[in-house]
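Asks: Sequence:
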Amino acid sequence: TLPSYGRVHAEDGTPVHPASYDYARAARDTIHFAKLLDRLVQNLRRVAGYDLQYFAVIEPQRRLAPHAHFAVRGTLPRELVRQVVAATYHQVWWPSTDQVVYAGDHAPAWDPRSGPEGAGGFVDPDTGVPLPTWDEALDAIGPDDEPAHVLRFGTQVDVKGVLSGTPDAEKCIGYLVKYLTKSLGDDLTATTHGDETASPADADSDHERAARWTAHRDRLVAALRYEPCSPTCPNWLRYGVQPRNTKAHQRPGTCRGKAHKPTHLGYGGRRVLTSHKWTGKTLADHKADRRAFVLNVLGVTPESDTYPGPQAAERIAWEHAKTTDPDVPPLSRRLLLAIAQRQRWRMEYRAARDNLPTPAATDLPATDPPDPDPSTIPHPAA
375 TLPSYGRVHA
385 EDGTPVHPAS
395 YDYARAARDT
405 IHFAKLLDRL
415 VQNLRRVAGY
425 DLQYFAVIEP
435 QRRLAPHAHF
445 AVRGTLPREL
455 VRQVVAATYH
465 QVWWPSTDQV
475 VYAGDHAPAW
485 DPRSGPEGAG
495 GFVDPDTGVP
505 LPTWDEALDA
515 IGPDDEPAHV
525 LRFGTQVDVK
535 GVLSGTPDAE
545 KCIGYLVKYL
555 TKSLGDDLTA
565 TTHGDETASP
575 ADADSDHERA
585 ARWTAHRDRL
595 VAALRYEPCS
605 PTCPNWLRYG
615 VQPRNTKAHQ
625 RPGTCRGKAH
635 KPTHLGYGGR
645 RVLTSHKWTG
655 KTLADHKADR
665 RAFVLNVLGV
675 TPESDTYPGP
685 QAAERIAWEH
695 AKTTDPDVPP
705 LSRRLLLAIA
715 QRQRWRMEYR
725 AARDNLPTPA
735 ATDLPATDPP
745 DPDPSTIPHP
755 AA
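Taking the numbering used here, the leading residue of the sequence shown gets 375, the next gets one more, and so forth.
Hints were generated in silico from the structure; no laboratory data involved.
Check before you lean on any hint, since a few could be wrong.
[Unchecked claim] Computed list of lysine-lysine pairs in BS3-like fashion (alpha-carbon distance at most 25 Å, straight line):
1. K655 x K632
2. K655 x K552
3. K552 x K409
4. K661 x K409
5. K651 x K635
6. K545 x K635
7. K635 x K409
8. K409 x K534
9. K621 x K552
10. K545 x K621
11. K632 x K621
12. K632 x K534
13. K661 x K651
14. K661 x K552
15. K621 x K635
16. K632 x K409
17. K632 x K552
These figures come from a predicted structure and were not determined experimentally.
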């Protein structure tokens, strides 16, 4: 997890003293949290001496800071893992954002004749002098300068050994996979629900906590609004630097990156992290396995006339359709037809699955696998 930014209430994670809570550091730590995790894996692999494999998920704490849960293949001493976590850090060598150069209506102006080879760029609205480009700003960082930001992990580290095939292993797997389809904001709520017999005083307390939580979230989102999230972020204009691949429409505070959205709470990386050799299969292998599984459930074999193999593709000619073609229905109708088709495929799959004979006890898996998504696999009737 990330370090503390100030005392928080135990029941909801909101700051005890919001005025002294370090929202700026919390925002920067969250934006660069994915890089810190990459450095941790790199350090663990160096200490272990082999290509350590892992599966990890990111979830938010009640105080809105992200933290990670790792399932790591292999055996490492717990104290060694704690030492590696404590020694891991990440330096952000970016231009300084300590001083705001342009704010409000006083913003850089776009000059189509500026920039390399007259491609256009931003200039000072008063003097017309071009702003430093991203590469120029990086070159201006001298050997005696400090990094723009340094982040480390907090002191909370929980290391546990788990054996395959045990109830603990099943519990850990279930805990990790439940985050596969969630966003950071999905795990949070602004209200605390009490029971139906709660007293009016308890209800008032719930409303106070909800208001306190909402205010905490809004302050964090406000801190993230003008914090640069990447070299291409328009927020660099606020600090007198042209972002990489600058465009005329860019304005500070309007970045569309995930890190600035309230539902992501500053974390713009992937929610699920998997090392490439965790399963020993490529993405194409997984797609082939899912396809074969669904076709087997549907009872479609290579000998079937409806088998969606190469021979079926040879009977189909594809061409791009235009919206002006007379046989192309309106977009709303096409969307409804696509939804109806996915629903029909799912119903056919579940009907075929429920009619399958019960396998022998020795063939049953330890846990029931989740339903594959038939919409991602070509259907025999397609």
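Asks: Does the structure keep K632 and K552 at a Cα separation of 25 Å or less?
Replies: OK: K632 and K552 at ~21 Å, within 25 Å.
Asks: Holds or violated: are the alpha carbons of K409 and K534 at most 25 Å from each other?
Replies: With a Cα-Cα distance of about 24 Å, the restraint between K409 and K534 holds, given a limit of 25 Å.
Asks: Mind checking the alpha carbons of K632 and K534 for me, to see if they're no more than 25 Å apart?
Replies: violated (32 Å)
Asks: Is K661 within 25 Å of K651, Cα to Cα?
Replies: Measuring from Cα to Cα gives roughly 16 Å; hence the hint holds.
Asks: Holds or violated: are the alpha carbons of K651 and K635 at most 25 Å from each other?
Replies: Judged against 25 Å, a Cα distance of about 32 Å means the pair is violated.
Asks: Regarding the pair K621 and K552, is the alpha-carbon distance no greater than 25 Å?
Replies: Answer violated: K621 to K552 is near 39 Å, above 25 Å.
Asks: Going straight from one Cα to the other, do K661 and K409 come out at no more than 25 Å?
Replies: violated (29 Å)
Asks: Would the hint linking K655 and K552 be met if the CA-CA limit is 25 Å?
Replies: Judged against 25 Å, a Cα distance of about 22 Å means the pair holds.
Asks: Checking one constraint from the list: CA of K635 to CA of K409, max 25 Å. Satisfied?
Replies: holds (19 Å)
Asks: Please verify whether K545 and K635 have alpha carbons no more than 25 Å apart.
Replies: Violated, because 32 Å separates the two Cα atoms, which is more than 25 Å.
Asks: Taking only the CA atoms, is the gap from K632 to K409 under or equal to 25 Å?
Replies: Holds, at about 16 Å.
Asks: Are K545 and K621 close enough, with their CA atoms no more than 25 Å apart?
Replies: Outside the cut-off at roughly 49 Å; violated.
The structure shown violates the earlier hints numbered 1, 4, 5, 6, 9, 10, 12.
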